[in-house]
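Here the protein sequences come in this chain order: Z and A.
The first sequence begins at 1 in my numbering and counts up by one.
The second sequence begins at 1 in my numbering and counts up by one.
Since the hints were derived computationally from the structure, they do not count as laboratory data.
Because the structure is a prediction, the values reported are computed rather than measured.
Treat the hints loosely; a few may be bogus.
Only some residues are given here: those of chain Z computed to face chain A with a beta carbon under 8 Å [what the hints assert, rightly or not]:
#	residue
1	L25
2	V45
3	P57
4	L58
5	G88
6	F97
7	N147
8	E149
Chain A is faced by these chain Z residues, among others (derived, beta-carbon under 10 Å) [stated by the list, open to error]:
#	residue
9	V44
10	Q47
11	Y52
12	D61
13	M62
14	R64
15	D76
16	R84
17	D85
18	R86
19	L92
20	M93
21	Y119
22	V120
For each residue, glycine too, the CB sits at the ideal point set by N, CA and C.
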Amino acid sequence: MKWGLVLILSFFWVGAALAQDEPALETEIVDTRTEAISKTLRCVVCQNQSIYDSNAPLAEDMRRLVRKRVEAGDSDDQVRDYLRDRYGDYVLMTPPFQLNTVFLWIGPLILFGLGALWYVLRLHRTPQNAAPELSDADRARVAAALNGEDA
Amino acid sequence: MNWSRLVPVAVFMVLTVFLAIGLTRDPSVIPTEMIDREMPAFELPELRDKTVNVTESDFVGEITLVNVFGSWCVACLEEHPTLMQLSEDGTVRIAGVNWRDDRDDALNWLVKHGDPYETIVFDELSDLVIEIGVTGAPETFVLDPTGRIRYKQIGPITPDVWKNTIRPVIDAIEQETAAGAAGS
């Protein structure tokens, strides 16, 4: 009987604790996501800063917009697409892999490949100063010299 | 002559050409995504009369220049005489988007320099500005009578820009509209 009461009361207590913590937890999630998304969006007035890093008024307003979209239940990609729809690929800190960025993405790989190819070809073309072959006459001379004979 | 020795020189020259082209481009000019799109829906207070709300429907019906400006914007002063002239001549309807401004500062600025605007959206927190992909002031959108964005001018409308860039866009829209009216 006593334990039953404790059990019942503990339910109330847990319920109350959850009710209290939930809004705080939710704000924290929104904060974290807003921060994460903001770091992937470029400030359109300050070149190489994300809107998370920038103090520009427009970046501040964009951060608020990101938070609003997150609170409205958008996924991370939906928030990014929202701004990309209005500002183009430029707002993305990481350029998307598409036709006009192919060279940007695979260019370094191609350059590395060309370099490696050049190196390998060079390696094959010039033999490493291999010692000239000895003819039988040479061997005979060497043998004679070793024996102390004068050739 | 070993031609392969010229390869590094050739690579260097190609790189130089690329970099030289890069230097001539202005990185602050971001191509707009908004061309041929409808003006997005919005509802914001009027600058001069805060009891009135401005919406996208206020820009429909005739060709409209939507000019983003602020009293803090130095380059805006450069285009202001052109806008005043257009307004005095009644050449085209001009609407303003007063961006991230203080209401009193904006009103004083208009008293001091003149007010060419039929309606002015008071966009204190970039709500409309982000919707239409604005990156700086001044920027001016040319809207056709159906409220579709046809052109965006980044930077001030100098007399040259007006004559060589904006005017032709407006002429083209007018011709289109006339042809559409004759056809229907």
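Okay, the hints, checked on the actual structure:
no. : hint : in the structure
1   : L25  : 28 Å, violated
2   : V45  : 6 Å, holds
3   : P57  : 5 Å, holds
4   : L58  : 6 Å, holds
5   : G88  : 5 Å, holds
6   : F97  : 19 Å, violated
7   : N147 : 48 Å, violated
8   : E149 : 48 Å, violated
9   : V44  : 4 Å, holds
10  : Q47  : 6 Å, holds
11  : Y52  : 16 Å, violated
12  : D61  : 4 Å, holds
13  : M62  : 6 Å, holds
14  : R64  : 7 Å, holds
15  : D76  : 18 Å, violated
16  : R84  : 8 Å, holds
17  : D85  : 7 Å, holds
18  : R86  : 4 Å, holds
19  : L92  : 12 Å, violated
20  : M93  : 14 Å, violated
21  : Y119 : 14 Å, violated
22  : V120 : 15 Å, violated
This entry does not satisfy hints 1, 6, 7, 8, 11, 15, 19, 20, 21, 22, going by the numbered hints stated previously.
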